[in-house]
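So you can see what is in the structure, the chains are spelled out below.
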Amino acid sequence: MSAKDKYNQPDARGYFGDFGGQFIPETLMPAVQELSEAFDKFVGDPEFMEEFDKDLAHYVGRPSPLYHAERWSRMLGGAQVYLKREDLNHTGAHKINHAVGQILLAKRMGKTRIIAETGAGQHGVATATVCARLGLECVVYMGAKDVERQAANVYRMKLLGAKVVPVTSGSQTLKDSINATLRDWVTNVDNTFYLLGTVCGPHPYPKMVRTFQSIIGREARRQILDQTGKLPDALVACVGGGSNAMGLFSEFIDDKGVKIYGVEAGGLGVESGRHAARFSDGRKGVLQGNRTHIMCDDAGQIIESHSVSAGLDYPGVGPEHALLHEIGRAEYPYATDDEALQAFHDLTLYEGIIPALESSHALAYVTKLAPTMNPDQSIIVNLSGRGDKDMHTVAAIDGMTL
Amino acid sequence: MNALKTTVESKRIDVCFARLQSEGRKGLIPYVTAGDPGPEATVPLLHAMVEAGADIIELGIPFSDPVADGPVIELAHQRAVSQGVTLADVLLMVAEFRKKDNVTPIALMGYLNPIEIMGYENFARRAAQAGVDALLAVDIPPEDAKTLLDPLYKEGLETVFLVSPNTVDERIESICSVAGGYIYYVSLKGVTGAGNLDISEVQSRVEHIKSFTSLPVCVGFGIRDGASASAISKTADAVIVGTALVKELATHENDHAAGCAAVAARLAEMRTAMDQ
Numbered sequence: 005m006s007a008k009d010k011y012n013q014p015d016a017r018g019y020f021g022d023f024g025g026q027f028i029p030e031t032l033m034p035a036v037q038e039l040s041e042a043f044d045k046f047v048g049d050p051e052f053m054e055e056f057d058k059d060l061a062h063y064v065g066r067p068s069p070l071y072h073a074e075r076w077s078r079m080l081g082g083a084q085v086y087l088k089r090e091d092l093n094h095t096g097a098h099k100i101n102h103a104v105g106q107i108l109l110a111k112r113m114g115k116t117r118i119i120a121e122t123g124a125g126q127h128g129v130a131t132a133t134v135c136a137r138l139g140l141e142c143v144v145y146m147g148a149k150d151v152e153r154q155a156a157n158v159y160r161m162k163l164l165g166a167k168v169v170p171v172t173s174g175s176q177t178l179k180d181s182i183n184a185t186l187r188d189w190v191t192n193v194d195n196t197f198y199l200l201g202t203v204c205g206p207h208p209y210p211k212m213v214r215t216f217q218s219i220i221g222r223e224a225r226r227q228i229l230d231q232t233g234k235l236p237d238a239l240v241a242c243v244g245g246g247s248n249a250m251g252l253f254s255e256f257i258d259d260k261g262v263k264i265y266g267v268e269a270g271g272l273g274v275e276s277g278r279h280a281a282r283f284s285d286g287r288k289g290v291l292q293g294n295r296t297h298i299m300c301d302d303a304g305q306i307i308e309s310h311s312v313s314a315g316l317d318y319p320g321v322g323p324e325h326a327l328l329h330e331i332g333r334a335e336y337p338y339a340t341d342d343e344a345l346q347a348f349h350d351l352t353l354y355e356g357i358i359p360a361l362e363s364s365h366a367l368a369y370v371t372k373l374a375p376t377m378n379p380d381q382s383i384i385v386n387l388s389g390r391g392d393k394d395m396h397t398v399a400a401i402d403g404m405t406l
Numbered sequence: 003m004n005a006l007k008t009t010v011e012s013k014r015i016d017v018c019f020a021r022l023q024s025e026g027r028k029g030l031i032p033y034v035t036a037g038d039p040g041p042e043a044t045v046p047l048l049h050a051m052v053e054a055g056a057d058i059i060e061l062g063i064p065f066s067d068p069v070a071d072g073p074v075i076e077l078a079h080q081r082a083v084s085q086g087v088t089l090a091d092v093l094l095m096v097a098e099f100r101k102k103d104n105v106t107p108i109a110l111m112g113y114l115n116p117i118e119i120m121g122y123e124n125f126a127r128r129a130a131q132a133g134v135d136a137l138l139a140v141d142i143p144p145e146d147a148k149t150l151l152d153p154l155y156k157e158g159l160e161t162v163f164l165v166s167p168n169t170v171d172e173r174i175e176s177i178c179s180v181a182g183g184y185i186y187y188v189s190l191k192g193v194t195g196a197g198n199l200d201i202s203e204v205q206s207r208v209e210h211i212k213s214f215t216s217l218p219v220c221v222g223f224g225i226r227d228g229a230s231a232s233a234i235s236k237t238a239d240a241v242i243v244g245t246a247l248v249k250e251l252a253t254h255e256n257d258h259a260a261g262c263a264a265v266a267a268r269l270a271e272m273r274t275a276m277d278q
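So the protein sequences, as listed, match chains A and B. Under my numbering, the first sequence is numbered contiguously, ending at residue 406. Under my numbering, the second sequence is numbered contiguously, ending at residue 278.
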């Protein structure tokens, strides 16, 4: 393949085709440009990347294993399923990868105050963790409803020295916590770094977060070649904003023989309107700094999403996913709450691994995909997080109080 | 025939600033969110504000996620959105206002998504028909504005852009090259309704921006009463006030007439202070 045929996104201004960009008020533009310049400078600096790799190895615990789920594969009766075990990272999910990268960047930029949004609290915990390690002030904005639903994570963040600010506006969930964090950033732009938790937001965030997450794909590629001697036939990952998915996908986009599936949250079913399936039932629009697929009504007002997993409960999606969807490089099916819960129980029971509800959406799609494939084919599923945080949610659905 | 109509109407903002200059006065630009506190409150409110001394009106397009706005104006957006007020409704309100007032310029201020969903060309045509004079889309940077600007220009609409305290010269230049009507200088870092206005800093920034453009430079964010309006109007071509007015509307949420009167009183106080 010649260099010009290689997938090379985004462009210099942060566009993935029509998607992405910097749709932000002028008040934020200088901060975003400063960040963009710093990222470009340090990502090309061997010393910076060496420090990042060292932290990933010794603080996060990388590489994470690629585990052949033999028993579950046999039960599904088709392709061999390999789990990329991001759940084994420090703090229990892939979020720590980009938190470690962004905090190093913040330090290089001389920023002393870190702000972040969080939905379920996983990204907030990852942010509070890296701030504790470097002794930086940390403020996490969290929708008031999520503060109530995720008391354990709120307590974790407080133990780690972070200040958790409940956001009472709008739907009081992830979308509103992003709005609140952007407002803080506009106001305190001089000393503050916004450590964003996914591949959304204005450029350079989608590119930057993907870059820091792409360690997942690089490891997985090496590991599957070691274990099977060939590339996988398919990749499957859940997509909320889409950071764990881009981390895995980004290293395989030019390998046309590898099929790519990003699984959205189907919630109560797409026909119910209560879901977060932006590709099945959304449209092109502009939200929180980028043009992408969003859930909005005919007047352009953002519609509240729904999912049993807080991490997928967002009305927008990373702009690079919108491009991969548009050019047909990736497919974006969905799994409903019920399907994800079934997969959650299956993996727990048959492999002794309790997955996060987010990752369970990817697993749910694998239960449909694997049986259509042959036993000599393989699927890599990104097991993006562990399910400990979801004990209360699943127990409540099963009629128990912990 | 269209060309003639466009030429006449696109001049409302220019005519307004020329009149102000000849009178030796500075402009007063109130902001309210359309449909706040209720859809039927807006048109009477617009007329009352003109009566109280408004020269140009910035009318907010309600949006579910107004990230550049502080808590006061955010709630105004929520009140309007929750009552189902859409961009199409806002255009109807402007058309209704135009039946009695064909002079006072109206700039719509809002976020890109409702305009994007309506379609840029469709929006531009309908806005021009309704009697809108300008658009300030808060979250579209000038670099990306071409696809939006071309249909607006074609319909004779002006495009107002923000300049902030930390905008570098290179960007001021590119903003001024596409802006029309006036430049909106954001007087402090933060969201709408923030505090701590540094008058002398505003003054030097306004003078600096004027070295890039012949457009009027209007100043908003942090102006709340007669004293701050008067101080800023010494240096700016016009002062923009939003949060202080929206607060009055919120206080009188269930009594539109009282809210309208309170806004008018606040504007009249500023007008008097500025004209002294």
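Among these hints, one or two may not hold up.
Footprint (simulated), chain B over chain A, 3 or more residues, beta carbon under 8 Å [claimed, not checked]:
(1) 73 to 83
(2) 286 to 292
(3) 353 to 364
Every beta carbon over 12 Å from chain A, so not counted as near; a handful from chain B, in silico [stated by the list, open to error]:
(4) D67
(5) E203
(6) A275
These are computed hints drawn from the structure, not numbers from a lab. The C-beta atom is built at its ideal place from N, Cα and C for all residues, glycine as well.
Structure-based check of all given hints:
1. 73 to 83: This one is violated; 0 residues, fewer than the three required, reach chain B with a Cβ under 8 Å.
2. 286 to 292: With 6 residues in contact (Cβ-Cβ under 8 Å with chain B), the coverage given for the region 286 to 292 of chain A holds.
3. 353 to 364: violated (count 0)
4. D67: Non-interface label fails for D67 of chain B: nearest chain A Cβ at 6 Å, not farther than 12 Å.
5. E203: holds, 14 Å
6. A275: Label holds. Min Cβ-Cβ 27 Å, cutoff 12 Å.
This entry does not satisfy hints 1, 3, 4, going by the numbered hints stated previously.
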